[in-house]
Amino acid sequence: MIEQISQADGSAGWVASFGDGARYLAALPEETLRKVYANGPDVALAGAIFPLQSAKRCASGFVVNGVWPFASGSPGADLIGVGITAEDDPTSDLPHVAVMPAQKVTIRPNWDVIGLQGTGSHDIVVSNVMVPEEWTLIRGGPSTLDGPIYRYPAAAFAAQAHAIVGLGIARSAIDEVTTMAGSRASITGAPVMAERGYVQLEIAKAEAMLRSARSFFYEATEELWTQALAGEVTLSATMVMRLASTNAARQGAEICRLASGLAGTEALYTGGTLARAMCDSFVVAQHAALNEGSLQSAGRALLGNLIQPGYP
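Counting with our numbering, you get residues 16 to 327 for the letters of the sequence shown.
It is worth saying that the hints were derived from the structure and are not from the lab. Computed from a predicted model, the values in this text were never measured in an experiment. Built from N, CA and C at the ideal position, the CB exists for glycine as well. Treat the hints with caution; some may be incorrect.
Cross-link-like lysine-lysine pairs, in silico, DSSO-like; alpha carbons within 30 Å at most [to be verified]:
| # | residue 1 | residue 2 |
| --- | --- | --- |
| 1 | 50 | 71 |
| 2 | 119 | 50 |
| 3 | 71 | 119 |
With beta-carbon atoms standing in for the labels, derived distance ranges [claimed, not checked]:
| # | residue 1 | residue 2 | range |
| --- | --- | --- | --- |
| 4 | 284 | 82 | 50 to 56 Å |
| 5 | 194 | 216 | 15 to 21 Å |
| 6 | 161 | 71 | 16 to 22 Å |
| 7 | 323 | 91 | 29 to 35 Å |
| 8 | 52 | 318 | 17 to 23 Å |
| 9 | 325 | 219 | 37 to 43 Å |
| 10 | 317 | 108 | 20 to 26 Å |
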């Protein structure tokens, strides 16, 4: 579904992917979850984890202060989660997340970017908000609830929810070029695009890249989901899922670049499908969970080297 939404609009797909918020909130205590969903399941979660901000312990929880960038979907959120470091915590290798009502944070409207412009990924500012201990969770820690979705690794889940947006955008770019290729004439008198050899070659490459990336992505998803259903998820399958997600995002961006190049000057217009696809897909691939650093971490894991906390 997220892939299909992203074909129509990358920003809409990106924000729609936050429907997976229940997966992250499942690490909260059960009594807190009852409060979260007391009025029904339609609870939107947004927020940002990094940079982790030090939170001062108090009698009942933490006093949270700080600024967190890239809080996608924050203008429409019911709850906001922010990454904190807790004093004297033995599980400090994994980030804590403090969850609070959206009314308690200030949104700094500074999301002025070239791509995914509609995601509302503004900075959020938290000033002296007391968050009870039972409204904090450990990202990547055990879930309070049982069930396959709650056994699914949180970081891998987040990476694939973002990566699939890139695949949807890439499909829209290929479809746009294919549609215009049969009818768009050159102002110089050259043959229509569909009759040009280099266009035929590059569109074939783009289609193969997309189908290959999708196959790897969904194969890894199926393997990890099968393990979650069986009750035990392996580190190896989780790592492959992270790798497949990074590959999907980066291949998606490259496909959009190829498609835009084929379209010539048609891709220059800011209101056009191809210009938007190229910029949106670039932003997807810049996400911290999908960038070159993620590829390097996958390589370290494949070679049996020590990997940093939080990966995969």
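Against the structure, the hints:
Of the supplied pair hints, the one linking residue 50 and residue 71 holds, its CA atoms being roughly 24 Å apart against a limit of 30 Å. With a C-alpha separation of about 17 Å, the suggested pairing of residue 119 with residue 50 holds against the 30 Å cut-off. About 17 Å separates the Cα atoms of residue 71 and residue 119, which keeps this hinted pair within 30 Å; it holds. Distance hint check for residue 284 and residue 82: the Cβ-Cβ separation is about 36 Å, which falls outside the suggested range of 50 to 56 Å.
At roughly 18 Å, the beta carbons of residue 194 and residue 216 sit within the given window of 15 to 21 Å. Between residue 161 and residue 71 the CB atoms are about 34 Å apart, so this pair departs from the stated range of 16 to 22 Å. Residue 323 and residue 91 have their C-beta atoms about 33 Å apart, which keeps the hinted 29 to 35 Å range intact. Residue 52 and residue 318 have their C-beta atoms about 43 Å apart, which leaves the hinted 17 to 23 Å range violated.
Look at residue 325 against residue 219: about 39 Å separates their beta carbons, and that is inside 37 to 43 Å. About 22 Å separates the C-beta atoms of residue 317 and residue 108, a value consistent with the hinted range of 20 to 26 Å.
Hint compliance for this structure: hints 4, 6 and 8 are broken, all remaining hints hold.
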